[in-house]
Amino acid sequence: MSAPILTLRDVVVEFPALHGLKALMAPSAERRVQALNGISLSVQRGETLAIVGESGSGKTTLARAINGLLPLAGGEVWFNDTALHARPDWHATRRQMAMMFQDPVGSLSPRKTVRDLVLEPFAIHRLRVDNATAKATELLRDAGLNADFLHRYPHQLSGGQARRVGVARALALNPALVLADEPTAGLDVSVQGEILNLLNRIKGDHGLTTVIITHNLNILRHIADRIAVMYLGRIVEIGPVAAIMERPRHPYTAALMSANPEPDPTARRERIILSGETPALTARPPGCEFHTRCPVARSDCAHRVPALDAAGTRAVSCHYPLPEDA
Amino acid sequence: MTDTLNVDGLTVHYATREGALQALRDVALDVPPGQIVGIVGESGCGKSTLINALLQLMPENARIASGAIRLEGEDLIGARARRLRDLRGRDIAVVFQDPMTSLNPVLTIGRQMHDIQYREKRSTAEKRRMAAEMLGRVGLPDPAAKLDAYPHELSGGQRQRVAIAMAVLMRPRLLIADEPTTALDATLEVQIIELLKELQQEIGCAILFISHHLGVIAELCDRVVVMYAGEAVEEGPVADVFQRPGHPYTAKLIECDPGRMKTRVAQLPSIPGDLPDLTDPPAGCIFRDRCDRAAERCRTRPDRVALRGAHWALCHFAAEVSA
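Keeping their order, the protein sequence lines are chains D and H. Counting in my numbering, the first sequence runs from 1 upward without gaps. Counting in my numbering, the second sequence runs from 1001 upward without gaps.
Since the hints were made in silico from the structure, they are not lab data. Ideal Cβ positions, reconstructed from N, Cα and C, are used throughout, including at glycine. Heads up, some of the hints might be wrong.
Computed beta-carbon distance windows for the label pairs [what the hints assert, rightly or not]:
#1 D/Asp103 with H/Ile1203: 34 to 40 Å
#2 H/Asp1292 with D/Ser55: 22 to 28 Å
#3 D/Arg128 with H/Thr1182: 56 to 62 Å
#4 D/Asp103 with H/Ala1020: 28 to 34 Å
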């Protein structure tokens, strides 16, 4: 296997938990919360890795830490040979690493036309474009929009069209890696397929490496090669998409996959309903952080912290993982 | 037995600069007592307009052009404002999509739950006790203490439980749930669905459950109404509609749901095209421009075609589609 395009080692991202006088009075350990708590993963060239997890699990924080929108409190991020944890030249790095933000319309400036929006990356990176309109038309065509859209403003676009403009912008500079935060959020089911087909086609055409952040479990098996499941800012399970979805080994992954309501009234599969809610980051449970909600927790889960143990192509962070052939 | 809710031929127009936007056209639906009826449809299908019309809380530029809305036989469109105020919150209650914006951020949960009991002749202590009891019933830990909490102190899931507790506090006859799980994560979503099922059993109310999520509808509802571009295009028992859809739009929508596909597909299905312009909707079938089966006869407006069971679809070819 060739060298991974992106490697994370023990990445920690912290946020201030208290403000003002309270922060000054509190012991230093209580002043900050760890939104990401030791994330290690690598992404191979040409693959699509999906990061899944529920609200507050740290998915978006992870994307923002990778492209330098948030400072690291610890750990290393390597993008090819560039050490992103050591004050890299972000301007140059971000030409290679594009971001698709969550809100398709909100991430477009309302005062710019579609033409200017898709050409904006060239302006930011001071790259000369010889025939700007032709370039914009080409980028839009690749994203499945015709030239009629060149002179529209974001408010004149539907959610799906705005998402396509976001795709065109992300691909404008021919990046090596695309970070896509919730590419299907806010899209209707009938449009969602088009956007996913577009992403899959681009991946095939350009050999693009993609990290997709999503809580939409239904789309995973159609778009991802591998998935990483996050809980409370840690990866609890990672592996090939089919293996994780069909035979989850971490009890949280199993509950998450079973919680997904199916559009089939006759499907009555066994559902694992978790009790309670995700604990706050300020009150991380001791031991295995999932033991407070885990249906199969044993007494020692409350004391011993599990490691993310790799076995073959997958890894799981659990003392008592579910059997692989269940 | 009288239906809890009965909507008949409801047509709603919005006055816009481009002319009358026909947001709902001839919509009919019934919610029998004690049943959970789902409404499924995508953006722009008229779900929100329908809810506003049911509550008789319409924007200034909206006009009910024709039709009737009856709550246990009582006409709501002609009802006096005072009567509507009596009904809202007591006989018809709503759980909205976003519990952060439906709760007042500057009042405690207890205060808000106390205030909505303004019609009851009970002491404040009694009202607080009722509120705490209901909070406990919807599964909020430490309900008495939660009365003194502000909405921002609760998590999203807890806030939605509070919103549900407030909606069912007065034991409504009709509970309208407008995408109540859309803002929630998958594991919380199933908790809320189970809770709604239990509450429906206990209170015996009818529920109108609006969602764009086919999976949630399939799981929770007895019957489902499919809406497209302001029309109800199909209605029937959930199992019939999902297994033998009679309208091509319903069939496509189910086909597009990636949750249905258990193996990776190279090309995900979608519905090409856009919603028609509702200021000038095409004559004939509203789905014609996006439909594979569109034929000459689709230029005339289809009637409801009855299918097996209490199931119909608004399509000339319903019998063939459903076969």
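Against the structure, the hints:
1. Taken as a hint, the range 34 to 40 Å holds for the pair D/Asp103 and H/Ile1203, whose Cβ atoms sit roughly 37 Å apart.
2. H/Asp1292 and D/Ser55 have their C-beta atoms about 38 Å apart, which leaves the hinted 22 to 28 Å range violated.
3. Distance hint for D/Arg128 and H/Thr1182: a CB-CB separation of about 45 Å, inconsistent with the stated range 56 to 62 Å.
4. D/Asp103 and H/Ala1020 have their C-beta atoms about 31 Å apart, which keeps the hinted 28 to 34 Å range intact.
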